[in-house]
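> Hey, can you piece these two chains together into the complex? The hints should help.
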Amino acid sequence: MDLRQKTYNIDVKHVTRVEGHGRIIVSTGEGAVKEVKLSITEANRFFESFVKGMRPAEIPWIVSRICGICCVGHQMTATKAVEAAMGIQVSPQTVLLRKLLTESQFLQSHVLHVYFLAVPDFLGVKSVLPLARTHPEVVKRALRLKKLANDYTSVFGGRTLHPMANTLKGWRKLPSLDEIAALRKRVEDAIPDIQETLKVAKTLKIPPYERETEYVSLKHPDEYALYDGDVYSSDTKSSVPVDRYLEVTNEFTVAHSTTKWSKWHRESYFVGALARVNNNFDQLVPEAKQAAEDLGLRVPCYNPYMNNVAQIVEVVHCAYNSARMLDEVLGSGLKEEDVSYEVKAGRGVASCEVPRGILFHDYTFDENGRCVAGNAVIPTSQNINNVEQDMKAFVPRMLPSMSKEELTLHMEMLLRAYDPCISCSVHMLDVEFVD
Amino acid sequence: MSNLSISPAVPDAGAGPPIVGLGTRHSGDDEIGLALVSALSRSPGFHPRCVLLESADAATVATMLLEWDRAVVLVDAADMRLAPGESRCFSDHEASVLIRTSSVSTHGLGLAEGLGIARALGFDHPVRIFGVQPFDLSPGRGLSRVMEDRFPLLLEALRRECAPDPLFQEPE
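Quick mapping for you: the protein sequence lines, in order, are chains A and B.
When you read off a place in the first sequence, starting at 1, and then add 1038, the result is the number in the numbering used here.
When you read off a place in the second sequence, starting at 1, and then add 1144, the result is the number in the numbering used here.
Hints in this document: simulated from the structure, not taken from any laboratory.
No incorrect hints appear here.
Not the full set, but computed from the structure, chain A residues with beta-carbon under 8 Å of chain B: (1) 1150; (2) 1167; (3) 1177; (4) 1184; (5) 1185; (6) 1188.
To list a few chain A residues with every Cβ distance to chain B over 10 Å, as calculated: (7) 1071; (8) 1261; (9) 1436.
Glycine is no exception: its CB is placed at the ideal position from the N, C-alpha and C atoms.
In isolation and in its complexed conformation, chain B is listed as follows (with noise of 0.2 Å):
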């Protein structure tokens, strides 16, 4: 799983948009979208396209988006006032009415503020931000219960997201 790094490279053009799993690894259900990417990667077809983030910072996301300089789906524990476990599916245009508070961040400048710097500086191929509403952000490894009963759901729903689409192509 070479894509399955902090330092990813250029996922291969042909295969779809590239599914980038955010978070970190010691605050509860923030590990929710590596677990889900990471996951996904296992599928048939979506190894290819999986890339992780860990404890990405505003500045590596905005890189990220504008040397790839192509369309992502954005994986990631968003407070989007739902039930704990609960996941939404939204273009970045919205995020920021929805985000109220992205995935934990190093010194305040996380997801909302990575994508809008890449939009600022010329960014714009379509961003869709699959968003699960996390129960519990405390110190710690692993996922909470809520979070792990609700996987095997929240899995088959990001395959479902990101399975090829006719209304996610990038203009012509």
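With the rest of the complex left out, here is chain A (with noise of 0.2 Å):
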């Protein structure tokens, strides 16, 4: 078709809801391009703001309320970047608790994600709900893995979000080796539904679009990198120390954007699953590699859409790796560990992996212990530019052979296909047209 022909004006506009606000705006005609836009309109959380005079224990539990899907992993990162500004040390147990929850988490929002928010898309349904109608087996299972998983950060953290049980230096009430050996028995008894995800996967029709950019992920010499490790970029083929993530995330604006965007070695970066897969895909567990050939992931993977069978893998991964870890921790036994730590002044930094990608935060504390200033650079702000850029390709690549309807679904596809903190409101978005 001539793209003459094609004059589209697609305009998905907002729902507004506290996750915030997402907006794709597509113009062409004339045979070009004219305008693709992801616009971003979400207010400031101000969080960075309101820990300024906090004591260093109280941050941790304080960022965890800027997500309600990422508490674990910001509450992660706030604590290994106070317990840096101390001078704190970790022991191993402790090390392999946090771990345990960080991968708990990663089972809860993949879940969710995978089965909630992106088969729908591929199997061509609306939202969860028919689906819950036309398979409601596939419901039933990704309701008893997400319950697997809330109640397996329950086990750690206390309870299923914004965990209280964790602190610095340690644990404050440690989980007992009875709730840990039942634990470990559901996590065995899961692998029959993770086996079946694996198959609904296999079904699913990914849209065959790439575009190289770079990948961006923790990066560790042991393990696949998803409580630390260094920052990894896939164009130089090299890491950074994470205390210098301001040469990565490069901050800056753009008018259409609340958000700030962030740029490395090229225009944009890519976080989350698809990039650690990419860089780290030699450390996943045996299964999960299995998993990926069997899903047709091969690295380097540069279809973003694959971001989401990347999640599944993985799911399979942290399954797995969970087994593994709650069995060390029943050989090992759990001992109740001093918690207690002088306070001084100083800065710290601190990164972890959380399911959309890479978190940074900073806080520098005065001599008092109250904190001067904090900062928090999420994995969504550090994406959006990709998707923009994807958009940008994706666009001109695909309006020949797309209707209108086709183009807005497949851009609504690709930005969710990145699991942005912002997907709520785009997911419900009602698309207007105004030719």
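Shown next as structure tokens:
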């Protein structure tokens, strides 16, 4: 079809939710793509201001509230940053428990996103509601896996959201070994559900779109980096220490977004499951590597829609790796540890991988232990620039073969594939055409 | 108050329909469901039935309903085009009409979706929703002044709605 026959003005507007607003604007005509914009009009949250004047131990619990999905990740990253500022060393037991808590959150978040937000797109239904009618076993399985992940977080964090059991230097209340043993059995029992998840994933028709970009994630010499590591770039094939994160994020502003954008070695970069799998594939557990192969995810993968597949691969990784770590805890037992520390002035920077990508926290304290400065750079703000670059490449490539409706759907799917924290609003968007 | 957590045990089956407070504690009046049920739990006879589900997503709500497999009362902020602080109690069959924006949810899947998933998967018990029209849902802790002023009346209305009611019995 002659491109000039296609004059589209697509404006996917907002629905306001606390997690944010996203707006997709596409304008084509006279044989050219005139405009493609991903507009973010989410208001500032001011958490970096909230933390000023707070004591060290208060900060992880406050910043947990940044997100109801990534609460563990914000808490964990803040904990590590505050500990770095205070010069606190943590025990191997604490690191192990934190890794378990971290993987529980990956399971929670990825199951929620894959089953409840992404799968309906690929199966051609509007949401999870019709899916529950047409594929009840799929949704029941999703609920079982989500419940397991929620309970997993509760065992180690004391509750499902915004955990309170963990604190600086260790745990305020350790889980019992009986609870851990019961959880270990449930993880084992969930393996058939995970295998069935892979079968569903195999049926998904992933749009055949590729655009190479820079993939950024943590990298650790000894493990698939979720809890710790240096910042790795697929462009340079090298890492920089986390405390140089400002050289990575290079935040800047654009007129159509209240979210700061980021870029490192090129115009934009990608963070999240696909970046992690691309950068650290060899450190996945064997079952996850096999899942990637079965699902057609071969690294390096440049298809952003495959981020959902990478999330499923990480579900497999976290399930099997959690089982191994739970066995380790059950084998060694847990002992109460001293969590006291001395307050001092200093600055600490830390990073964790959270489900949506690499997260940075940075705090400075005065000599009284009061926070005087805070900074958090979240994955979604790092990804937004790359999403827009994907859209700008996608529209002219796909315009000849797609109707306006197909193009709109694929643009929304593209944004959702990144699993942004603004997906709550994007997912509920009404589509309005202004021809 | 062991049941007043976000990982609730199944309430005592003999005590009457569970009363579930929903919402978040950091978005102004979205806390109203949690605040009302928390206060109600201190009234004689109500404590065993009271459950708080803070920041619950659709999957959690659906799982709770399917596991409990019994009638419930859900208390939440809801945009019903009423005056701020006004309340209304209705069945979930009306919910898709009446709940225009339910409580702050995770990734766009909130109470209405949770109920819908549970219904689609076979949950067939009565559900009553005690909705309260919010005034201010902006980020921050604490109820708005409007809601605080209305709180005693709302609590009394909820207590009346949740009192033993022969019309709200499970079918024989």
